[in-house]
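Participant: The primary structure of each chain is shown beneath.
There are 2 protein chains.
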Amino acid sequence: MKKSVAVLLANGFEEAEAVIFIDIMRRLEIHVDIISCEQTTALASYFQTPISADVLLADAASKTYDAVMMPGGPKGTDSLSANPQVVEFLKRHIKAGKYICALCSSGAKVLAAHHLLEGRTYSTGDKLADKYQDGIYLDQDVVVDGQFITAKGLGVSFEFSFTVAHYLLNDNPQTVDHQANHIYFKHWPQAKQVIPCQEKH
Amino acid sequence: MKKSVAVLLANGFEEAEAVIFIDIMRRLEIHVDIISCEQTTALASYFQTPISADVLLADAASKTYDAVMMPGGPKGTDSLSANPQVVEFLKRHIKAGKYICALCSSGAKVLAAHHLLEGRTYSTGDKLADKYQDGIYLDQDVVVDGQFITAKGLGVSFEFSFTVAHYLLNDNPQTVDHQANHIYFKHWPQAKQVIPCQEKH
Numbered sequence: 062m063k064k065s066v067a068v069l070l071a072n073g074f075e076e077a078e079a080v081i082f083i084d085i086m087r088r089l090e091i092h093v094d095i096i097s098c099e100q101t102t103a104l105a106s107y108f109q110t111p112i113s114a115d116v117l118l119a120d121a122a123s124k125t126y127d128a129v130m131m132p133g134g135p136k137g138t139d140s141l142s143a144n145p146q147v148v149e150f151l152k153r154h155i156k157a158g159k160y161i162c163a164l165c166s167s168g169a170k171v172l173a174a175h176h177l178l179e180g181r182t183y184s185t186g187d188k189l190a191d192k193y194q195d196g197i198y199l200d201q202d203v204v205v206d207g208q209f210i211t212a213k214g215l216g217v218s219f220e221f222s223f224t225v226a227h228y229l230l231n232d233n234p235q236t237v238d239h240q241a242n243h244i245y246f247k248h249w250p251q252a253k254q255v256i257p258c259q260e261k262h
Numbered sequence: 062m063k064k065s066v067a068v069l070l071a072n073g074f075e076e077a078e079a080v081i082f083i084d085i086m087r088r089l090e091i092h093v094d095i096i097s098c099e100q101t102t103a104l105a106s107y108f109q110t111p112i113s114a115d116v117l118l119a120d121a122a123s124k125t126y127d128a129v130m131m132p133g134g135p136k137g138t139d140s141l142s143a144n145p146q147v148v149e150f151l152k153r154h155i156k157a158g159k160y161i162c163a164l165c166s167s168g169a170k171v172l173a174a175h176h177l178l179e180g181r182t183y184s185t186g187d188k189l190a191d192k193y194q195d196g197i198y199l200d201q202d203v204v205v206d207g208q209f210i211t212a213k214g215l216g217v218s219f220e221f222s223f224t225v226a227h228y229l230l231n232d233n234p235q236t237v238d239h240q241a242n243h244i245y246f247k248h249w250p251q252a253k254q255v256i257p258c259q260e261k262h
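Quick note, the sequences are listed as chains A and B, same order. Under this note's numbering, think of the first position of the first sequence as 62, with each following residue one higher. Under this note's numbering, think of the first position of the second sequence as 62, with each following residue one higher.
Hints should not be assumed to be uniformly reliable.
Intra- or inter-copy, both count: the list cannot distinguish identical chains.
[Stated by the list, open to error] Subject to a maximum C-alpha distance of 30 Å in a straight line, what follows is the list of computed DSSO-like cross-link-like pairs (lysine-lysine):
hint : residue 1 : residue 2
1    : Lys136    : Lys152
2    : Lys247    : Lys188
3    : Lys192    : Lys64
4    : Lys64     : Lys152
5    : Lys63     : Lys136
If you are wondering where the hints come from, they were derived from the structure by calculation, not from laboratory data. Computed from a predicted structure; not experimentally measured.
With these hints in hand, go ahead and build the complete structure from the sequences.
Facilitator: Take a look at the structure:
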């Protein structure tokens, strides 16, 4: 069965972090719902690229996905963190054992801020982890700890996206390697080497 | 004076190639006009991420930018190449000595197809160059030959974008290096080393 991912966006989201992830998922035939956590599907990104979501969180709140992804962007992660519906959506997916994939500031400002990591290791934007007690920050591009896949920021978006795909498509990891090669992304072999050997906990 | 870039998009454009480039430019305070080469600003990307342009080509056709950028995406570059207004826009910018920045299939299918390279070296998606007489294909991630900056595809979008920024901001290249570091993009030092020593022709 086709895997599915929810991408949670709020105004001010980092557009390239979101679009790289969505693009790589869709190239690999993973279903993506771009979910607006605002009142409308028309969103304003960090650097003003007009991007629309597929659906409102209110209309997708009861659905369950194989993974939930959040990009960074200062105002975007402020809004995600302040939204009880987002926190509830994450808690439900954590409880169901789904992958929680947080890029850039969302790791610290959404996951750690709401004590969702419960002592897991994670990566996030520099110095953001200092503000929160939850989670153990690792100074790595991408960190995988059980169902949590986190990464530093925009410049490691491809590494992060291929890592998420590697876990979602663990019955056929060759297709992920093939796609990295197909798009001329040369850094996946090295990035892949630092993924923990054990698959999902 | 602030530098300015025109990004030419047609339905089917590779969304992450476009959005990474736009994001990096705007982070570096380079003005970007996202220009639709269709009848409306609402565009359909290669993998169905709804992204809107700022302006129609018809309304921007007389403006002159410091650089013109085109992403790949099979149908997108088919449309750009078939659009006489796009070819005219490119010719005018080439004549004015502006940077022409073509990522992925746009190098072969737009520039070489219309004999705009005039014997310059360039990079583009694999095997596409075989179809055209114009230009000398180099099997490199990014190729800079005078005012032409070309690159292979999606996986080298950051290298391509920082290379374009390096030339546009050649009075202050440190700001480009700083931004690459700020977003945790580790591959810019190596990518920068293969840029020809001579700055603009």
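Participant: At most 30 Å between CA atoms: does that hold for Lys64 and Lys152 within a copy, between copies, both, or neither?
Facilitator: Only inside one copy: Lys64 and Lys152 sit 20 Å apart there, 45 Å across copies, limit 30 Å.
Participant: What label fits Lys192 with Lys64 when the C-alpha limit is 30 Å: within, between, both, or neither?
Facilitator: So Lys192 and Lys64 fail the 30 Å test inside a copy (34 Å) and across (37 Å) alike.
Participant: At 30 Å max between alpha carbons, let me know whether Lys63 reaches Lys136 within a copy, between copies, both or neither.
Facilitator: Intra 32 Å, inter 26 Å, cutoff 30 Å: inter-copy only.
Participant: When Cα atoms must be at most 30 Å apart, do Lys136 and Lys152 count as within-copy, between-copy, both, or neither?
Facilitator: So Lys136 and Lys152 pass the 30 Å test inside one copy only (22 Å; across, 41 Å).
Participant: For the identical chains here, do Lys247 and Lys188 meet the 30 Å Cα criterion within one copy, between copies, both, or neither?
Facilitator: both (29 Å within a copy, 18 Å between copies)
The earlier numbered hint that this structure contradicts is number 3, and it is the only one.
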